[in-house]
Amino acid sequence: MASISELANPQRFEGLAQAVSPYAVGVAFITLVAGLYYALFNSPADYQQGESVRIMYVHVPAAWMAMFCYSSMAIASAVGFIWKHPLADVAAKETAPIGAGFTFLALFTGAFWGKPMWGAWWVWDARLTSVLILLFLYLGYMALWQAIPDKIRAARLAAILAIVGFVNVPIIKFSVDWWNSLHQPASILRADGPTIDGSMLTPLFLMIAAYMALFTAMLLQSMRNELVARRVARLDMAADAATSTLVETPSAASQS
Amino acid sequence: MVEPPFSLSARDLRASRGGRDIFEGVSFVLAPGEAILLRGANGAGKTTLLRAVAGLLRPAGGAVEFCRDTEEPTENAAIYCGVQNGLKAALSVRENLDFWVSLYGAEKKAANDAINRFELRGFIDRRAGALSTGQARRAGLARLVIAQCPVWLVDEPVAAMDRDGVARFIQLVVDHLGCGGSAIIASHDALDIPGARTMTMSAKAAAP
Amino acid sequence: MNKKQKRMGMIVTVLAIAGLAVALTLTALSQSVAYFYTPSELQALAAPPASTIRLGGLVEDGSVNYSEANSASVSFTVTDGGASTIVSYEGILPDLFREGQGVVVQGSLDADGLLVADTVLAKHDENYMPKELADALKEQGRWQDGSD
Amino acid sequence: MSALAAIIWRDVRLAFRAGGGALQAVAFFALVVVLFSLAVGPDIALMRKIAGPVLWTAALLATLISLDQIWRADREDGSLDIIVETSDALPLTAAAKAAAHWFSTGLPLIIATPILGVILNLPASAYVPVLMSLAIGTPGLSLIGAFASALAVSLPRANLLISIIVAPLYAPILIFGAGASIAGAAGAAQYAPNLMLLGAATLFAALFSPIASAAALRSNLD
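Protein chains in written order, with the numbering used here: chain A, 1 to 256; chain B, 1 to 208; chain C, 1 to 148; chain D, 1 to 222.
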């Protein structure tokens, strides 16, 4: 079993990514097809929501992934900041656009569910607002990376921002409990067991697996791209400037 | 006037920016009463080295130590005067000096010392933004007198100064060294400081 | 003050600020920030609020009346078990709107204490199940009302 | 004078001197308020309802335009090096800079608010909650702003970037601040919970901002 620090070596990472990527893509494809089949055709309509419940199978896992991605990003940022590990920096950086995508998907599908169910595309309640804030946190994080040309400095600064922004994650999770929210409380991660019927859990869990696999595949691919880009940039840099050192020049002092 | 003598040592310092090493393997010892004239081409890393020694920049490797006599390493005892003077353009020279007096925790009369040493009296109440380049440099270097730090790290002190100003600066350094202080001065100008060592930042020979 | 004392002072300050922040949050949340009133809270108010309010509660069973003249016009009662408020609304109701369901109604009170709503939002609960199962549960009498 | 007090005193003097940003921020605050009332037109009932939130949004925008300068001015003339070099604890120095920003931006905004409240037909019952919420919330804006400004200190023309970074972090303060003023304008005594949450948000900002600003500055000096 390889230790974390061995895996963190970029060459080893490349090998690992090459080995894992095809499986991640395969699993993502299979679970996505199966999940969507169950979600759209082979699961019952809800006793209250009717057919609109099918939006949930796209929406709920996306919302989970939005928070999962941010948490991973914050952890990778902390690792990169404390141990100055470039691979953690790259992982954090490349997680952000994927997380932003999931966040957008959650908001978008939520609006489509909210219009027929609640009677409004959008309401400014605590859960929706805090998830929108999450999207803006992702965008700010990405903008910061993009604005700073020096990648090492960018990694440190973006890491600080990601860690500060993590405050929002527990707020999202508990917003429905703390405030009188229109959004329903947790259905699966709760002390007294899920409040979703078993027949509906199958497509839900399939979709979660699909999103996780998709996330893994996309993250590995974009990390590999970034690492290649950095290697090229480093070679460019090595070619145009030399490292200097300090040497004593005895003559000047003796003249005076 | 200066605290007990400090010696400064750098061991195998390395600094990098944007993933590239600017310098590496930099080692030296600066004893009390000693001065180093730091030379090197543009971009060789003189400023980076001074900032690393001053603690403003985290070195990528190696260490800087300040020792009082033979005791344990103490905290940073250096003052860094960069190319910029750190003057607030909207404040008068005197207001700038008073601000530094508060920052460095110096005595009130330190500002007067500085005014005398650098002949600032003529423009002491003028806005710093209205000074000539040479005047601003003199006002900026007045910080050295106010801070009373044993180790001076000065970047291009005399670039825009007239001959009189240069002589005054050199005299100031000589007096500082005489009190057991020490200095590293990066400059392209020939500064005639008795007993100063010259060290050069130059491209490292290709690795074997 | 030496370094150790300074550090201790810093830690104490940080803990004090954090404690105060948490205490403020908990106090505020226990007072339930009124993003909406419940009918009981509305009744408890000395003077009814003049501006737009949000009212939350359950649609009382058998209280929904569609106007005969205008099918888009509806009145119903919102209750929280203790008190109730009559709401009138003109417009399309959300799919989830039905008797016994949680709703959030936005509008203003008229002189008689009737809430004239401009928006009706249906609140969904955390229970998901197929219709057949819900029916079966109801038949077996094991049905627990979705309302808390 | 202690070093921290000297930093605050210097920054406040600079802000109120020619070329300083304090009056610009107040002028911008007034401008947004006036433009808003021009846009809304003669509907006084509507105006009374939105006066509190408009004041809050205008105060936030006025703070936003002044953030860029918090650290950058010091970096450009070299005084940031001096401040960092002489600092015993960089987080405390960062807190002092945020305090200076509040004295030169937040406080003038609060002082200008009663006058602008008249223009907006702010209901009499809302003056206390609006002023209280601004007094509690604007220090939070300065603290969070000092952090965002420290992140971008090495970048030229960073105003837009700072706005993007700061917007989500400002959201809770805007929500609770405007919430308190809405509740106040409606004559409800329920602005207290909003003020408490606002206070909590500012206190949390006081906890993280100095530490995060210091870390950002260190990373930016390299």
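Be aware that a few hints might be false.
As the list claims (entries may be wrong) - Result set (DSBU-like, lysine-lysine): computed pairs, CA atoms no more than 35 Å apart in a straight line:
| # | chain 1 | residue 1 | chain 2 | residue 2 |
| --- | --- | --- | --- | --- |
| 1 | C | Lys138 | B | Lys109 |
| 2 | A | Lys115 | C | Lys138 |
| 3 | C | Lys4 | B | Lys108 |
| 4 | D | Lys49 | A | Lys173 |
| 5 | A | Lys84 | C | Lys131 |
| 6 | C | Lys131 | A | Lys115 |
| 7 | A | Lys173 | C | Lys3 |
| 8 | A | Lys173 | C | Lys4 |
| 9 | A | Lys84 | D | Lys49 |
| 10 | C | Lys3 | A | Lys84 |
| 11 | A | Lys115 | A | Lys173 |
| 12 | B | Lys109 | C | Lys131 |
| 13 | A | Lys84 | C | Lys138 |
| 14 | B | Lys108 | C | Lys131 |
| 15 | A | Lys173 | A | Lys84 |
| 16 | C | Lys3 | B | Lys108 |
| 17 | C | Lys138 | B | Lys108 |
| 18 | B | Lys108 | A | Lys84 |
Said to hold, decoys possible - Computed far set for chain B versus chain D, every beta-carbon distance over 10 Å:
| # | residue |
| --- | --- |
| 19 | Ala89 |
| 20 | Gly134 |
| 21 | Ala159 |
Stated by the list, open to error - Here are a few chain A residues that face chain C, going by a calculated C-beta distance under 10 Å:
| # | residue |
| --- | --- |
| 22 | Val27 |
| 23 | Ala28 |
| 24 | Ala34 |
| 25 | Tyr38 |
| 26 | Pro116 |
| 27 | Ala120 |
| 28 | Trp179 |
| 29 | Leu201 |
| 30 | Asp236 |
The hints are simulated quantities; they were obtained by calculation from the structure and are not laboratory data.
We treat Cβ as the ideally placed atom computed from N, Cα and C, and that holds for glycine.
Verification of the hints:
no.	hint	result
1	Lys138/C x Lys109/B	violated, 90 Å
2	Lys115/A x Lys138/C	holds, 28 Å
3	Lys4/C x Lys108/B	holds, 29 Å
4	Lys49/D x Lys173/A	holds, 32 Å
5	Lys84/A x Lys131/C	violated, 55 Å
6	Lys131/C x Lys115/A	holds, 21 Å
7	Lys173/A x Lys3/C	violated, 40 Å
8	Lys173/A x Lys4/C	violated, 39 Å
9	Lys84/A x Lys49/D	violated, 52 Å
10	Lys3/C x Lys84/A	holds, 28 Å
11	Lys115/A x Lys173/A	holds, 23 Å
12	Lys109/B x Lys131/C	violated, 88 Å
13	Lys84/A x Lys138/C	violated, 60 Å
14	Lys108/B x Lys131/C	violated, 84 Å
15	Lys173/A x Lys84/A	holds, 30 Å
16	Lys3/C x Lys108/B	holds, 26 Å
17	Lys138/C x Lys108/B	violated, 87 Å
18	Lys108/B x Lys84/A	violated, 44 Å
19	Ala89	violated, 7 Å
20	Gly134	holds, 16 Å
21	Ala159	holds, 14 Å
22	Val27	violated, 26 Å
23	Ala28	violated, 25 Å
24	Ala34	violated, 19 Å
25	Tyr38	violated, 13 Å
26	Pro116	holds, 5 Å
27	Ala120	holds, 6 Å
28	Trp179	holds, 6 Å
29	Leu201	holds, 9 Å
30	Asp236	violated, 45 Å
In summary, the structure is inconsistent with hints 1, 5, 7, 8, 9, 12, 13, 14, 17, 18, 19, 22, 23, 24, 25 and 30 from the numbered list given earlier, while agreeing with the others.
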